[in-house]
Amino acid sequence: MTVLLAAAHAPVIPNFGNPSSFACERANRLFCSDWVSHNWSTVLWPALRQHLVLTLIAVSLGFVISTTLALIAYRRRWFERPVLIVTSILYTIPSLALFELLAPSLGLNRTTAEVALVSYTLLIMFRNTLTGLREVPDEVRDAAAGMGMGPLQSLLRVELPLALPAITAGVRIATVTVISLATVAALIDNEGLGVPILTAISNEVFKTELIVAGGMAVGLALAADGLLVLVQRWLTPWARARSA
Amino acid sequence: MHDFTEAFKFIGRDGQIPGAPPLPTLVHLTLETLKIAGIGVALALLIALPVGIWLGHIHRGSFVAINLGNIWRALPSLAVLAIGVAFLGLGLDNVELALIVLAIPPIITNAYVAVDEVDRDVVDAARGMGMSGWEILRKVELPLGIPLIFAGIRTAALFVVSTTTIAALTGYSGSLGDIINNEASYHLPGVIGAAICIAALALLLEFGLALVQRALTPRGLKLTEDPGVTFAPVAATDVA
Chain A
1 MTVLLAAAHA PVIPNFGNPS SFACERANRL FCSDWVSHNW STVLWPALRQ
51 HLVLTLIAVS LGFVISTTLA LIAYRRRWFE RPVLIVTSIL YTIPSLALFE
101 LLAPSLGLNR TTAEVALVSY TLLIMFRNTL TGLREVPDEV RDAAAGMGMG
151 PLQSLLRVEL PLALPAITAG VRIATVTVIS LATVAALIDN EGLGVPILTA
201 ISNEVFKTEL IVAGGMAVGL ALAADGLLVL VQRWLTPWAR ARSA
Chain B
1001 MHDFTEAFKF IGRDGQIPGA PPLPTLVHLT LETLKIAGIG VALALLIALP
1051 VGIWLGHIHR GSFVAINLGN IWRALPSLAV LAIGVAFLGL GLDNVELALI
1101 VLAIPPIITN AYVAVDEVDR DVVDAARGMG MSGWEILRKV ELPLGIPLIF
1151 AGIRTAALFV VSTTTIAALT GYSGSLGDII NNEASYHLPG VIGAAICIAA
1201 LALLLEFGLA LVQRALTPRG LKLTEDPGVT FAPVAATDVA
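Top line first, the protein sequences correspond to chains A and B.
Each residue of the first sequence is one higher than the one before, starting from 1 at the first, in the working numbering.
Each residue of the second sequence is one higher than the one before, starting from 1001 at the first, in the working numbering.
Hint data in this document are derived by calculation from the structure and do not stem from the laboratory.
Small disclaimer: the values here were computed from a predicted structure and weren't measured.
Don't be surprised by glycine CBs; every beta carbon is placed ideally from N, CA and C.
Please note that the accuracy of each hint is not assured.
Stated by the list, open to error - If the Cβ cut is set under 8 Å, some of the chain A residues that face chain B in the computed set are:
1. Ile-93
2. Val-158
3. Leu-160
4. Leu-162
5. Asn-190
6. Leu-210
7. Ile-211
What the hints assert, rightly or not - One-sided excerpt, in silico: chain B residues whose CB lies under 10 Å from chain A:
8. Ile-1011
9. Ala-1042
10. Arg-1073
11. Ala-1079
12. Ile-1083
13. Leu-1090
14. Leu-1092
15. Leu-1158
16. Thr-1163
17. Thr-1164
18. Ser-1173
19. Gly-1174
20. Glu-1206
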C-alpha cells in the first residue's frame, strides 16, 4: 500500500540513472540496455537479493513447521485432518488478500510478508512429507524393528531416508511457489522483485523495467527449480533408477 | 480490530463510502472478477482439455505434459502479467492472455496423467468387449480419470481467480483487486473489506468445485476413495 502511494507521487521520469541521453527510455522501447546497466547495482540486484532472502527464510521456517506437523500426524492419525483443513484454507486464500488481511495487525514489514509466505508452504510440504512416510512399506518397518531398532532409530535411519524423494519434491514445489508469491509481497513489504515491477507500472508502464524484473522473477524460479532437481537426484540416487 | 469492524461495515454498505460519490459496488466487482476469471478458464479448457486427454489416450508426450506442469509452477503470476503489459499494453487482452498461459499447464498435466494412468487391464478388457478407441476414451478412460482431470481444473480456476485480483496491480481495473490498489479512495477498512471478499470468493469457489467434482465422480470410484470433500486438490505431479 505504502509502496503504491509513494510511487503515485514519484516523478514521471523515474530511476533512469544518469546517462547522457534518455532517448530509449523516453520512447519507452521494449529493452533499453543502458537503463539496465545503470540500475543493475542500485535497483535490480538488491531486489533479486531481497527476493532470495525472503524465499530462503519462508521455506526454512515452513519446512521446520510442516515437518514437525507431519511427524506428529504420522504417529497420531487423528492429527492429520485438522492440519489439512487449516493449511488448505490458508493455501486457498489468494495472496493479494492474505497480505492485506495480515498487514493491519502485523504492519507493513518483512515479518508480515514472511508469515503469509510461510502459510503457503505448509500444505505442500506437510502433505508430501506425510505421504512419503506413509508409503514406506510395512515389511521395511518390520525389518527395522526385527534388527532391534527402536521407533526413533527406525524413523531416522529407515523411514525418513525412504521418504526423502517425496520430502524434497515438497521443498521444491514450496520454493517455487514462494518465489512466485514473493513478487506480490512487494505490496506490503518494500522489497523483492515485485518492487521494480510495481514501480514500472506506476511510472507510465516503463517497459524495460517490467520485462527485466519480470524476467528475473521467472528466471529465479526456473533456476531454483532446476537446482532443487539436482539436489533431489544427489540426495536420492536410488530413486533415479526407478522413476527416470 | 477497529479496522476489521469497519471493514465488515464497508462490506455491509456494498462497497460505498458515506459522503463520497458512488463507487462500483462490491457485487458488481465480484461478478466482474468472476467474469474475467471465467473467460480465462473457459478458453484455457477449450485448448488444454482436448490436448491433455488426447495425449493421455495415445500415451504420448509424457515429457512435455509433465514438464509443462513443472515449468508452470515457476511462473510468478505478477511477472507474467508485467511482461504481458510490456508487450501488449494495459487491457483485458493482456490479462486474459496471462490467465490462459497460467491456466493451461495444470489442466493439460492433470488430464494427461488422469487418462494415461487408467489401468491398462481395464482398457484391454474394454477392447476385448469390442469397444473402439473412441468408445474406450468416452466410456472407460474419461469416467475413471474424472477426479484427477477435475482436480486440475480446480487448481487452474483458483489460480486464475487469484491472478485476476493481482491484475489490478498491473493497472487493469474491473476486479475486486481495484479496491486494494486504491487505498487513497477506499481507505484501510475498504482494502481489508475487499481482501475479505476475495478470500471468501476463493474459498466458496473451491468448496463449490469440490462438490461438483464429487457429483461428477462415478459412484464406483467413490466406494474405494476417501469420501470426504477434499480441499485444495493436489496437482498430478505434486506428490512424488
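Going down the list of hints, with the structure as the test:
The beta carbon of Ile-93/A comes within 4 Å of a beta carbon in chain B, closer than 8 Å, and the hint placing it at the interface holds. With a least beta-carbon distance of about 18 Å to chain B, the hint placing Val-158/A at the interface is violated under the 8 Å criterion. At its closest, the beta carbon of Leu-160/A sits 15 Å from a beta carbon of chain B; the interface hint therefore is violated under the 8 Å criterion. Hint on Leu-162/A is violated. Least Cβ distance to chain B is approximately 12 Å, over the 8 Å limit.
Of the supplied interface hints, the one on Asn-190/A is violated, with its beta-carbon coming no nearer than about 14 Å to a beta-carbon of chain B, more than 8 Å. Because the smallest distance between the Cβ of Leu-210/A and any Cβ of chain B comes to about 4 Å, under 8 Å, the interface hint for this residue holds. A cut of 8 Å between beta carbons decides the hint on Ile-211/A: the least distance to chain B is about 5 Å, and the hint holds. A distance limit of 10 Å between C-beta atoms decides the matter here; for Ile-1011/B the minimum to chain A is near 13 Å, and the interface restraint is violated.
At a threshold of 10 Å, the smallest CB-CB gap from Ala-1042/B to chain A is about 20 Å, leaving the interface hint violated. The beta carbon of Arg-1073/B comes within 5 Å of a beta carbon in chain A, closer than 10 Å, and the hint placing it at the interface holds. The interface hint given for Ala-1079/B holds, since its Cβ lies 4 Å from the closest Cβ of chain A, which is under the 10 Å cut-off. Residue-level restraint check for Ile-1083/B holds (minimum Cβ-Cβ distance to chain A is 4 Å; threshold 10 Å).
The interface hint given for Leu-1090/B is met, as the beta carbon of that residue sits about 7 Å from the closest beta carbon of chain A, less than 10 Å. Violation of the interface hint for Leu-1092/B is found here, the shortest Cβ-Cβ separation to chain A being roughly 16 Å, above the 10 Å cut-off. At its closest, the beta carbon of Leu-1158/B sits 6 Å from a beta carbon of chain A; the interface hint therefore holds under the 10 Å criterion. Checking Thr-1163/B against chain A by beta carbon gives a least distance of about 8 Å; that is within 10 Å, so the hint holds.
Given hint, Thr-1164/B at the interface with chain A, holds; its Cβ is 9 Å from that chain's nearest Cβ, closer than 10 Å. Here the hint on Ser-1173/B is broken, as its CB sits about 12 Å from the closest CB of chain A, past 10 Å. With a cut of 10 Å, the hint placing Gly-1174/B at the interface with chain A is violated, because the nearest CB-to-CB distance is about 15 Å. The restraint placing Glu-1206/B at the interface with chain A holds, with a minimum CB-CB distance near 5 Å, inside the 10 Å limit.
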